[in-house]
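Residue numbers (this note's numbering), protein chains in the order written: chain W, 1 to 194; chain P, 195 to 306.
Calculated directly from the structure, the hints in this document are not laboratory data. Keep in mind that a hint or two might mislead.
Stated by the list, open to error - Covered by chain W, per the in silico footprint, the following chain P stretches (three or more residues, Cβ under 8 angstroms):
{"#": "1", "region": "212-220"}
{"#": "2", "region": "240-246"}
What the hints assert, rightly or not - From the structure, some residues in chain W lie toward chain P, with a derived Cβ separation under 7 angstroms:
{"#": "3", "residue": "Val-6"}
{"#": "4", "residue": "Ile-35"}
{"#": "5", "residue": "Leu-44"}
{"#": "6", "residue": "Thr-89"}
{"#": "7", "residue": "Val-92"}
{"#": "8", "residue": "Leu-178"}
Unchecked claim - Straight line, CA to CA, 20 angstroms or less: simulated SDA-like cross-link-like pairs of lysine to any residue:
{"#": "9", "chain 1": "P", "residue 1": "Lys-294", "chain 2": "W", "residue 2": "Gly-180"}
{"#": "10", "chain 1": "W", "residue 1": "Lys-28", "chain 2": "P", "residue 2": "Glu-297"}
{"#": "11", "chain 1": "P", "residue 1": "Lys-294", "chain 2": "W", "residue 2": "Leu-178"}
Every residue gets a Cβ at the ideal spot worked out from N, C-alpha and C, and that includes glycine.
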Amino acid sequence: MSFTFVDFIFIILSVLAVASALLLVVVKDLFRAAIAFVITLLSLAGIFILLNAEFIGAIQILVNVGAVAILLVVTIMLIRDLSRGSRPTQLVLVALGFGVAVLTATIIALGVVDTEWVALLVDNPGFESAILGSADAEGVLDDAVGVTGRLLLREFVLVFEILGVIIAAAIVGAIAVLHGVNSDDDLQEREERA
Amino acid sequence: MLSLETVFIVAGIIFAIGLLGILTRRNLVIVIMSLELMFNAVVLAALGATRFTVPFSLLNGTGTEQALTGHILSIIVITVAAVETGLFLALVFAFYNRFKTAELDQASDLKG
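Only chain P is shown next, with the shape it has when bound in the complex (with noise of 0.2 angstroms):
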C-alpha cells in the first residue's frame, strides 16, 4: 500500500486541493496557506520517489550518496516555503494597511 503510486497520488490529491484554495478564496491568508499545502505536495513527492526509485548514478557505482538528492530538495522546499511566507506575510500587513481589507478582490486601484 506504501508505494511510489499511493505517495504520488496523495501529493497530487493535496496539491490539487492547495490550488483549489488559491483559484476559490478571496482571503489572503487562506491563499498563503493553500500555496504552502502545495508546497507540502511536492515535497511529499520527492520524498517519495527518493524512497522507491534508484538514481543512475548508484548503478553506475559513481557515488551512493547521491540517493538522497530528494532529500535536498526537500530542504530547499521548506525552506523557501519557510521565507517566501514570512515576506508574504509582510505583505499582508502592507496590503492591509493600504486597503483596509484582506480579501484580494477589493484590492483595486482601478476604477470601473
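Excised from the complex, chain W in its bound form (with noise of 0.2 angstroms):
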C-alpha cells in the first residue's frame, strides 16, 4: 500500500474530526463545544472533496458550517442558561454510554474490516475492464457537479421536490411552536422568579 500525499491529508482530517467531535461531547462550555463542531464540520469536508465530492463539500461548508452552526451560537447566546455551561452527568450513566458508544464503533469497524469488500471495488482489476467497456467512472466523477445536478432533476426530481414540501413544513412548524412563547406575561413571570 503506497503512502501518498492525499493520505496524509486524509489522515490529518481525519484525526482532527474525531478529536474535535470528542471534544464537543465532553466539554462543558457551550462556546467551545460549538468552536469543536464547527472544526468537526470543516475537517469532514475536506474528507468530502478527497472524496471527489467537491459540490458536497461546499454544500457541507455552506449550510453546516454557514447556517447550523451560526443557528446554534445563536440560540447558546440568546438563552442565558446555556451560556452557563451544562452539569455533569452521573459517572454511571457516563459509563454505560460510553460503552454502549464503544460497542458500537467496535461492531462497525468489525463489520467493515470482515466484509469482502473487493467485489465491488473500484480498483478491482476484473471490474474495471468490465466499465471500460460500458462506461468511465473516474469520469463520471470529475463531473460530479454536473451530473449530480442533472440526477437530481431527472431520475431524482421527487425526491427534489419532497425536500421542498419538508423545508416549507419545517418553516411553519417552527413558526407554529415559537408562536405565543416570550410573551409578555412570560417575561413578567420570569421577572418574578429573578
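Put the two chains together into one complex, using the hints given.
Here it is in C-alpha cells:
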C-alpha cells in the first residue's frame, strides 16, 4: 500500500474530525463545544473533497458550517442558562453511554474489516475492464457537479420536490412552535422569579 | 490509506461519538450537535461508498449517472439535517420558555 500526499491529508483531517468530535461531547462550556462542532464539520468537508465530492463539500461548508453552526451559536447566546454551561452527568450513566458507543464503533469496524469489499471496488481489475466496456466511472466523478445536478432534476426530481415541501413544513412548524413564546406574561413571570 | 474501509471506520467512529453525546449529555444544544455529527457520519459513509464502489447499472450499461446516487443521498441528508436542526432549535426556545431550563432531565411534569 503506497502512502501518498492525499493519504497524509486524509489522516490529518480524520484525526482532527475525531478529536474535535470527542471534544464536543466532553467539554462543559457550550461555546467551546460549538467551536469544536465547526472544526469537525470543516474537517469532514475536507474529507468530502478528497472523496471527489467537491460539490457536497461546498454544500457542507455553506449549509452546516455557515448556517447550522451560526444558528446554534445564536441559540447559545440567546438563552442565558445555556451560556453558563451544563451540569455533569452521573458517572454511572457516562460509563454506560461510553460502553454503548465503544460497542457500536467496534461492531461497525469489525463489520467493515470482515466484509469482502473487493468484489465491488473500483480498483478491482476485472471489474474495471467490465466498466470500461460501457462507461468510465472516473469520468463520472470528474464531472460530479453536472452529473449530480442532472440526476437531481431527472431521476430524483420527486425527492427534490419532497425536500422543498419538507423545508416549507419545517418553517411553518417552527413558527407554530414559537407562537406565543416569550410573550409579555412570560417575561413578567420570569422577572418575578428572578 | 484513503480507502473504502478507512472511510467507513472513520464514519463509524464519528457516529459512535455522536451516539455517546446523545446518551451522556443532558444539555439540549449538545444533543442537537451530536445528532448532527451522526448525520455527517452517514454522509461520509455514503460519499466513501460512492467514490470506491461501482453500481450495477454501470455494469449493465443502463447509465453512467447512477454512479453518483450517493451524492444525491448526501444532499438529502444534509438538507433534512439542517431543516431538523432549525425546527429543533425552535423547540429549544419553547422548551426553555416552559421549563426555564435547557437540561433534558429536568423536563418532567410527572410527580414522584
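* To do: Compare the structure with the hints numbered earlier in the document and write down the numbers of the violated ones, lowest to highest.
  => 4, 7
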